[in-house]
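**Student:** Please take these sequences and the hints and turn them into a complete structure.
Each chain, letter by letter, is given below.
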Amino acid sequence: MDVLMLSRLQFAMATMFHFIFVPLTLGLSILVAIMETKYVRTGDETYKRMTKFWGKLFVINFVLGVVTGITLEFQFGTNWSRYSEYVGDIFGSLLAIEATTSFFLESTFLGAWIFGWNILSPKMHAACIWLVAIASNLSAAWILLANAFMQNPVGYVLRNGRAELDNFFHVLLNPFGWQQYVHTLSGAFTLAGFFVMGVSAYHLLKKQNIDFFTRSFKMGMVFALVFSVLVAVQGHHHAQEVGKIQPAKLAAMESLWETHENAPMYLLVVPDEKNEKNAIELFGIPGALSFLAHGSFNTSVQGLKDWPADERPPVMLTFLSFRAMVGLGTLLPILCIWAFLRRNKLTETPRLLKAMLFAIPLPYLAIEAGWVVAEVGRQPWIVYGLMKTADAVSPIVTSQVAFSLVALTLLYALLGAVDIYLLFKFAKKGPAEA
Amino acid sequence: MLETIWFLLWGVLWAVYFVLDGYDLGIGTLVPFLGKSDTDRRVMFNAMGPFWDGNEVWLITAGGVTFAAFPKAYAVMFSGLYTPLMLLLFALIVRGVSLEFRHQVDSPAWRKVWDWGATIGSFVPALLLGVAFANIFMGLPLDENGVFQGNLLTLLNPYGLAGGVLFVLLFVMHGALWLTIKSEGDLQQRAAKLARRLWPVLVALIGAFVVLTAIYTNLLANYLLNPLMLVLLVIPVLALVLLRQQIGKEQWWSAWGLSAAIIAGLTLFGVVGLYPALLPSSISPDYSITITNAASSTLTLSIMLGVTLVFIPIVAAYQFWLYRTFAHKVTEKELAQDGAY
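Residue numbers (the numbering used here), protein chains in the order written: chain V, 1 to 434; chain E, 435 to 775.
Treat the hints with caution; some may be incorrect.
Derived Cβ-Cβ restraints for the label pairs, each shown as a range [as the list claims (entries may be wrong)]: (1) E:472 to V:350: 41 to 51 angstroms; (2) V:43 to E:741: 52 to 62 angstroms; (3) V:410 to E:590: 21 to 31 angstroms; (4) E:741 to V:281: 35 to 45 angstroms; (5) V:170 to E:618: 28 to 38 angstroms; (6) V:2 to E:741: 36 to 46 angstroms; (7) E:542 to V:386: 47 to 57 angstroms; (8) V:240 to E:743: 33 to 43 angstroms; (9) E:769 to V:410: 25 to 35 angstroms; (10) E:769 to V:380: 54 to 64 angstroms; (11) E:542 to V:311: 55 to 65 angstroms.
These aren't lab readings, by the way, just hints derived from the structure by calculation.
Glycine included, every Cβ here is placed at the ideal spot set by N, Cα and C.
**Tutor:** Structure (structure tokens):
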């Protein structure tokens, strides 16, 4: 393998590993902040115990999110130096603004929160976790605006052999970025809701700390219900925008080879990339794809063959990931509605509780699949229509990247295992006694 | 003009990072030497507990600002120093999780593993940052395309290694002094004794490093063009002299402040001596990455300056609040509380 392929693998691995931890951070920080606010307002000790129990799981998860985030910033320079040079004017400044405005806030006040239980006043202590929660979610906005520049470059001019900033407001208001922000955050909040429901369900099944975990379950449920519906509804608009801005990605998501008016959608498709067709296409709904993509049955949807072969994204991976995301995105709200209907009879519905326990990994899979669609679907471009991934890679020696890829993978596997062990340990242990 | 302002800000950000993360990297390095008992070690970890994460963000910011203001310098520096940066990264990852994981399981073997993680994860960054910066002062073998023509061994030259050792000792001194502030009893005595013993070593090493700098780098020539600028060297030298006095008087806060001044002063002395280069090329001065050929557009530099001037004072204010709130000594009682490492 060459430097390009190794660097792509390394980046994919580092990003996907980072994104195991970040979405829980985004959502759980808000849930913990709400719990602590309830405690400060009512003085109800159960909310304090909830804050501490979920807060501990939050902190264990948070630290891996932070340390793996540094890897990503480093990698733009180490592995994608030509990219960094080409778009640093815009992309680099978004990362720097993120660090200055959000990352500092998040890290400083998390330190104060962890160590401040007996030093800060209860109000100040609750304010700290709110600052952490707000800063984390603000941080996501900057990162997604940076990513949006790769997906839909705006606000730049080509000058001095690179993309230079032309209009900062266009960069800030990049519609793709904000669509993706809503999508990513709703997904993250859904995940946090499912995490809380799943862990609570475990204890409810064992009939321990019933009051504590019923309250926790309901908070997670409200969160997951609202945001799993939102992510599904908004995801549809997001896909329509992808269709406009990145039509080749949409074609790959659907494995659509020929341009069609009244394009059908097939329920069962097996792409055959080599022969530029689908090996199997069954159960077509006429016009459905046109309708979903553009809101009308008759509009034309571009097929992959409209692009030369070297400008098409990898079809199989994009297609499968998209189906996985949509499938899970449909299942999750259904689970939430079931939970909502049985919300006052949780302990009498062990089947629901078991389902929720085993559902914990599902939003994780949906979110990772979503990123595969977004990033693999953008290929072969690193900046859509502007710079190819192959032109972005650093002029470095293969052995260096091979070494770092192996080392990073081993390190991450080890830390991931320890982290999951700790999360299991403390999730199973339950809250401290009142 | 904007480029020059950003060059100085760039230097200042690195200096702030070294000052703040310096002491916790130093404490981490000292764990096996000063931490005789588990309680000692817990005091050491808790002495940096509320701060280290916020400190490390200055590294992210220094990196981010390099990316934003001088993208070409970021590209050349990070790809050229690929392997050392990866090692730095691994070390920082291991350190971060070690601090967070060590207290989660009540088993001596478990804690031992993470103690070593914290130590190696602190020592390696201190060493590598020193090696990297000394090599930058000396010039990197950059060709006409800004491609690094060397490998890890190129960086491990005598001057680079001297820089590494210097950084480690500066950080260890800085960490020992912070420990005297945050601890009491035996541990504090041991930290104080270490600072006293380290001082002459540091004097000799800084002296040697300045001499080596005159031999190996072009910094001296740059300063001779503008001899007034040599005043910059007065700050760390003066601080070094005063440091001995404050250690003698057991004035730990001012001693720590002086060691901060030494670190910041030496960093800025080195960085300013590079001007107008950010990464000088040892192959030919024509290939150097300078503030002119690496800078972002005027628009980006202006916007980033606005953001920095507004937000960095705010960050400084709340980090100051954090330090004030957690300035007290780590006590046995505190170790028994929630959240303590």
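**Student:** Could you run down the list of hints and mark each one as holding or not?
**Tutor:** Taking the hints in turn, this is what the structure says about them:
1. E:472 to V:350: 41 to 51 angstroms: Holds - the Cβ-Cβ distance for residue 472 of chain E and residue 350 of chain V, about 43 angstroms, lies within 41 to 51 angstroms.
2. V:43 to E:741: 52 to 62 angstroms: 41 angstroms, violated
3. V:410 to E:590: 21 to 31 angstroms: Because 24 angstroms falls inside the window, the suggested range holds.
4. E:741 to V:281: 35 to 45 angstroms: 52 angstroms, violated
5. V:170 to E:618: 28 to 38 angstroms: 57 angstroms, violated
6. V:2 to E:741: 36 to 46 angstroms: For residue 741 of chain E against residue 2 of chain V, whose Cβ atoms are near 38 angstroms apart, the range 36 to 46 angstroms holds.
7. E:542 to V:386: 47 to 57 angstroms: Because 56 angstroms falls inside the window, the suggested range holds.
8. V:240 to E:743: 33 to 43 angstroms: 41 angstroms, holds
9. E:769 to V:410: 25 to 35 angstroms: 34 angstroms, holds
10. E:769 to V:380: 54 to 64 angstroms: For residue 769 of chain E and residue 380 of chain V the Cβ distance comes to about 55 angstroms; the hint holds.
11. E:542 to V:311: 55 to 65 angstroms: 59 angstroms, holds
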